[in-house]
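Dock the two chains into a complex; use the hints.
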Amino acid sequence: MNFSDWLQPNGLLRRLTKRLLQVVVTLFGLLILTFIIGRVMPIDPVLAIVGQDADQSTYQQVYQQLGLDKPLWTQFFIYLGSLVHGDLGNALLTGRPVVDDIIRVFPATIELATMAIIVGAGLGVPLGVMAAARRGKLADYIVRFISLAGYSTPIFWVGMMGLLVFYAWLNLVGGAGRVDMAYDGLVDNRTGLLLIDSALAGEWEVFRSALNHLVLPATILGFHSLAYISRMTRSFMLAQLSQEYIITARVKGLSEFRVLWSHAFRNILVQLLTVVALAYGSLLEGAVLIETVFSWPGFGSYLTGSLLLGDMNAVMGCVLLVGLIFVTLNLISDMLYQFFDPRTNA
Amino acid sequence: MKIKWTLRTLCLSLLLATALPTTVGAKTPNDQLIVGMNMNNLLSLDPAAMTGNDAVSIIVNLYDSLVELDPTNLSNVLPGAAKSWEISEDGKLITFHLQEGAKFHSGNPLTAEDFAWSMKRLLNLNMAQATTWKSYGFTADNVEKMIRATDPLTIEIELPKPTDPKLVIYSLATLGSGSILDRATVMQHEKNGDWGNGWLTTNEAGSGPFKLDVWQAKDVLRMSRNDDYWRDDAKVKRVIFRHMTESQALRLMIEKGDIDIATGMSVPDINALKSDPQIVIDDVSKGTIYYVAMSLKEPHFANPKVREAVRSLIDYDGINKTIMPGYGLYHQRPIQKGMSATLPDPGYKLDVARAKTLLAEAGYPDGFTTTLRVLADPPFINIATSVQSTLAQAGINAKIMSGTGNQVYGAMRDRQFDMLVGRGGGGVDPHPHSSLRSIAYNPDNSDAAKLTNFQGWRTSFYDQQLNELIDQALVEKDQEKQKQMYIEVQNRYDALYPAILPISQMVDSVVVRKDIIDYIPHPSSTTHLRSVYKQR
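Quick note, the sequences are listed as chains A and B, same order. Sequential numbering of the first sequence, starting at 1136, is according to my numbering. Sequential numbering of the second sequence, starting at 179, is according to my numbering.
Chain B on its own, in the form it takes in the complex (with noise of 0.2 Å):
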């Protein structure tokens, strides 16, 4: 009896259980293309608004800007919405002729106005990307004068103030804010004075190779093609960023070909897919730099000695032996990898005897105690665990303190820190006024010039000489001589025992299913999805 009442219980727990079903998952289409990645960082879609590069790598598939820069060769600049361009012989004005034929996803024309509006409104906006253009010169007021349109196809870019016009043709390539916007759709949108940035969060108005249908906050993104496009259509029908957060189901979804592209895979993931001959990883080489900062705020950092010190305890090579795979490459000057003008790594390492003697020197012969913020994320936890036990050995002790991006990039951009192991610099723009900008220039070194946006400035580090350099530099016109000034500016940093040290220079890798052609991952995040394709 007892046994028959069992069963019939198993019985119907049993049929509960398998009364779900069984198939098996499907291969991706070939016409379409699926990118698994963490989009917890993508706020806004809005070219004048958004931040970080996960945006940077969907607007520019959505939009067009005047040029692109060629993602083998980073210093040739390739058309975009512009077929040429010209700069004036005194350096001062940029002039660019337009496409013809060029629509919006609306169907409107794409003018020379439609390009000065989006530069004036993201000046007037004044959100995240307008940074770079006003540190160009470019203000709201001046921005009218400055960048207009002479005829519907023609664009004219003065320079409010001196500076290489390269830069700033680098930066309509790479940044992503000079996006060209439809004006009419997007005044269409407008909400008390907005410039319909509400509306542009989750929506587009461009005339790129593909047009968004839907996007939703930490789930999806989907883009269609844009069958009216002014080049060559694009090779896939649909292409679907998927919000996936865990690293470990984006590599077995990988595996299996449920996705094709996956980025943001944590180091130990990408290495476990290594032998696997279906996929390949193609590490991309970024401007930005690992480095351990000292504040000047500091008592004991203003003294130079002790800088020299702690330049003098740092396991440049343990670190870039044992923690950096996948995450970075060994990389000790301000100015990124791969330019003429970059000097080679001026060799400090560790020595804790000749650390010693200059605390000595410095009048702290038993050390010192001191904090150490970090993002508590490797691979930056993993450096500060390094640092941390290689002040020891010269009696500073520095306490490690973990949090979050708000907690360690904040208090840095408060003054209100001793140590930081943290990662910044330049953009990919192939220039080194672009890493020196971030990391060494600070035109004003008071609390309330609050230059938050410079490196430089956060840390109080500050030396007139050098500024002028870099200032000198940059308007340059001969390219030997400018190659020169900036050899003597990373012989000046060197010497003066700077705030900001640097380690390593950053490398991410994005993981690609081999039936994947086509795909080149661009420095700047500026990858263009228009030519790949599926070859099965």
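Pulled out of the complex, with its shape left as it was, chain A reads as follows (with noise of 0.2 Å):
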């Protein structure tokens, strides 16, 4: 392929122009709405600054900081103007710049979700793909009550019983926060995922337990998305089998176990990698809940803090993150699909 192909109407980089420009769009009106929303809240940032007793000159004085005096259009486009240069403001729950908040808090999310989606999908694919061969029988009930035990249960009262049995009572896991607390801070931040951290600077003892306190809340979130990994990959499985090439490869007197996995899941990939990685994206959103039970110290904690004080800069920066999340990944998955099923090309 030369480069004018990418030219051509379909080409590559039209697509992908095309799809960047839906990208800025979407992302665009997510601002204007969070913006919107964000101002009719009836949060008042200014008292949760100044604190209730104090009086009028301070409230007016920090009103006119925060630049509240000022017509709402004016301040999503001073906004605006600040976030072309990459400026997403201050945080008023830190007192610094929202960038370095997010880049300080994102690393504990990824740890958490990237364990998470280990487990879910490390279990969920397996599950499905057994449920789907032994459709109707026992394992499949059992596959099928698992993923809907796991969608129905209210995480937070899977977290708060996880906590209670594999910390208090069975004392096989680290309880709340994200190490012992003995443990805090004596590594260097590096990379923010403090499993790496505490390897890098040969320090095992914060690992093994930074290890003891991921597996509890990464297992919960684990369950949540298994749930729903194997729900969707049981359905692709079974629309697989019935296809004629499984008969055929059945009637040549291949192994089940080759019919599942060599034919049937190989053409399954592309469309569970995509359900994979809407889940991690969903994850890594923040596992708001989880997090707050384990006062992890993530992005979830912090969306959540930062909504409850009105702190819109940070929000604002939380869900323009999000948004490109979701939308990198559902670009990436469309592209994968592009490019491993060419029928989709339209």
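Please note that the accuracy of each hint is not assured.
As the list claims (entries may be wrong) - Covered stretches of chain A (chain B as the covering partner; in silico rule of three or more C-beta atoms under 8 Å from a C-beta of chain B):
#	segment
1	1157-1165
2	1171-1180
3	1190-1201
4	1208-1217
5	1428-1435
Stated by the list, open to error - Label pairs and their calculated CB-CB ranges:
#	chain 1	residue 1	chain 2	residue 2	range
6	A	Gln1200	B	Asp544	30 to 40 Å
7	A	Thr1161	B	Arg409	52 to 62 Å
8	A	Gly1337	B	Tyr508	57 to 67 Å
9	A	Gln1200	B	Ile459	26 to 36 Å
10	B	Asp555	A	Ile1167	51 to 61 Å
11	A	Thr1209	B	Met365	54 to 64 Å
12	A	Asn1306	B	Gln594	32 to 42 Å
13	A	Thr1209	B	Ala531	51 to 61 Å
14	A	Ile1167	B	Asp454	47 to 57 Å
15	A	Arg1325	B	Ser567	57 to 67 Å
Derived from the structure by calculation, the hints contain no laboratory data. Yeah, the Cβ is synthetic: ideal placement off N, Cα and C, and Gly gets one too.
Below, the structure written as structure tokens:
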């Protein structure tokens, strides 16, 4: 393929440009919506800063400092102006640039979400395949039950119960937080991923403690995405298993294991990738409740804290990031579809 | 065949699940103190800009103040950075003499000039903590003249308007805003004329027993021992404050010994811990008061008979017995409990028949409809529910509007509410004026005055004679006479059918592991951690 092909109506570059434009428009729409919702929310950030006993001159002073005395649209354009320069403003919550805050809190969520997706996809995919293969049998019912349970139990409650059983009674895992509190701050912050940072520093005690704290929230979170992933896997597999090539393969005398994994499974890989990518995206978005239960200092905690405070700069920054993650994941999975399955190139 | 692959699949799944490790959580180390608390309200560590008790509890361990209050006897003022002080004959000048050899964490010497500058900064910044000092008459314009260093170790505070100098000393000891800042260090970090406020939000420039290592909002705050402290060094090496919002998680962790001290835990969780022999629960009496407030801007409540009726429509006994345990103690006076001037409770109680008569006399024999604003959290919402049902018995139909602090107190600050269940009042300065200023005093009732820091103003409750009594009592030097005047204030308040009806005085519970020694939670949240240690 040469460069001129890319510029064809259906060329890669054209399509990419079109998609990127969609991304920008989507994010811009998201920003306007969030901004308006933020401004009509009955939360007064000024009061949160000055406290309820402050006198009026202090209140007025902070009100003006935050630029709240300006018209709504002026505020929005000021925000957009700085956004163009990569400045998301300062957060009320921390007094620091929102970008810095997000860079600080996001790795904690990445660590949690990555571990969770390993658990969720690692268990969800094989279970889904198994359920499809044994459709209507006991194994299928068990998987469907697990999936239903994962879907319908409130994650907050499961988190509390998990802490009670595995931490308080059985003493198997660490409690709330990312690490035993006595180890707090002993490792230099290089990547923000505590497992990697502690390993780099050779602090194996901290590493073990961090892993210990990660297991429970990640498993619970993973269980939640497992439900979704196993259901989707099951239905994708069922669609494949009724195809003629599977019957042919079986007639040829291939083992059931090979029929399932080498034939059917290979054909659902791309679809699965989308499912897993989207599941990962929503995990990254901040497993808000789990982060609250486990006092996990991640993105979800940051976002909820900012919302409660009416800290709009921080909220907009977070919304922008979440939007970006979803749009990017969508884009990537669409591109992969087209790469693996040229029929979708329309 | 089928069994074989099923097994293989299951093995794969199990392998993934069990690839995760298991070990046992550790007890907290002996030389570290670990505190679990909700840091939602901790926004700034700048002593001039901070709000709320949580910030004070941290600030007092990073900074020195001139004086401290004895947590076991609140009227006993102890030396801090000032080793002695005296009040002039006419009560208008307080002179403090500083300790020698005190140093900031930067190594700079702590001087009287630093204190004078810290107060100047406070009033010039005009952030949250300036409010009290402005009420004493200090302004950005006069502060330099009124608070001055006469030599490196002597500070003079001249009171801009007549007030009780004891109250000013108590404020220096309890507010945290009287912290002494290292002027040179702060000014190195000044940006755009912000007096170093941006930097001090997450940093410190103090001389206290601990130095701040790091503070990450809603995550963790760590401080380590200042080995160069002018007093005895703190006994623990590190203190870690960990942000935890879930009371149940806090409870599990303190039970297991993974944290040493927990604050802000919910009452049911505290009750569940009461039988644990490893845990001590300290109930700390606070100065603030739970109350039912009415706005006199609302025509019904402008009528004193209606206010009197409402006063008879609250089930004080029931609320204090069933809702308040763990939150507050029975109290019906505008001045906090335990002070020599505080009168015994007047004995208001639920009396529906009397209320109905009063309402009929006021011209509302069938009652009326109104709204009742309240925070959505316990115990506020529970109090409101009780009040709603007893009001209804006399025909007052109060619609509950629950919301966040902004929605409830914001409306109150704007004088746009009918009724409200809230909490407010004095700090812990052991002085009757502290609560009266907040709840009963209202020097100017006009909307334009915008005295939003006075809850009396917020309710539009105004009585000139009451104001004068409060003003006079504050400057009375004869202690016995002053006490009599405060008694008179309470009697007058009572007779006026006030807009704010106290129900209960706040208590706060701190949960502490038994092996933590010398941790004495201070009613004003100025809990000093320098002498705390572990005995195992």
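Status of each hint after checking the structure:
For the segment 1157-1165 of chain A, the proposed coverage by chain B is not satisfied: 0 residues have a C-beta within less than 8 Å of a C-beta in that chain, short of the threshold of three. Evaluation of the coverage hint for the segment 1171-1180 of chain A: fulfilled, as 3 residues show C-beta separations to chain B shorter than 8 Å, against a requirement of three. Counting residues of the segment 1190-1201 of chain A whose C-beta sits closer than 8 Å to any C-beta of chain B gives 7, which meets the bar of three, so the coverage hint holds. Chain B is given as covering the segment 1208-1217 of chain A, and this is violated because 0 residues of the stretch bring a CB closer than 8 Å to a CB of that chain, at least three being needed.
Residues of the segment 1428-1435 of chain A with a Cβ under 8 Å from some Cβ of chain B number 4, which satisfies the need for three, so the listed coverage holds. The hint said 30 to 40 Å for the Cβ distance between Gln1200 of chain A and Asp544 of chain B, and at roughly 50 Å that hint is violated. At about 60 Å, the beta-carbon gap between Thr1161 of chain A and Arg409 of chain B stays in the expected band of 52 to 62 Å. With their beta carbons about 59 Å apart, Gly1337 of chain A and Tyr508 of chain B fall inside the hinted range of 57 to 67 Å.
A hinted range of 26 to 36 Å is violated for the C-beta pair Gln1200 of chain A and Ile459 of chain B, which are about 42 Å apart. A beta carbon spacing of about 33 Å between Asp555 of chain B and Ile1167 of chain A contradicts the range 51 to 61 Å that was offered as a hint. Hint check: Thr1209 of chain A to Met365 of chain B, Cβ distance near 34 Å, so the stated range 54 to 64 Å is violated. Hint check: Asn1306 of chain A to Gln594 of chain B, Cβ distance near 54 Å, so the stated range 32 to 42 Å is violated.
Between Thr1209 of chain A and Ala531 of chain B, the C-beta spacing of about 59 Å keeps the proposed range 51 to 61 Å intact. Distance hint for Ile1167 of chain A and Asp454 of chain B: a CB-CB separation of about 53 Å, consistent with the stated range 47 to 57 Å. With their beta carbons about 59 Å apart, Arg1325 of chain A and Ser567 of chain B fall inside the hinted range of 57 to 67 Å.
In summary, the numbered hints that this structure violates are 1, 4, 6, 9, 10, 11, 12.
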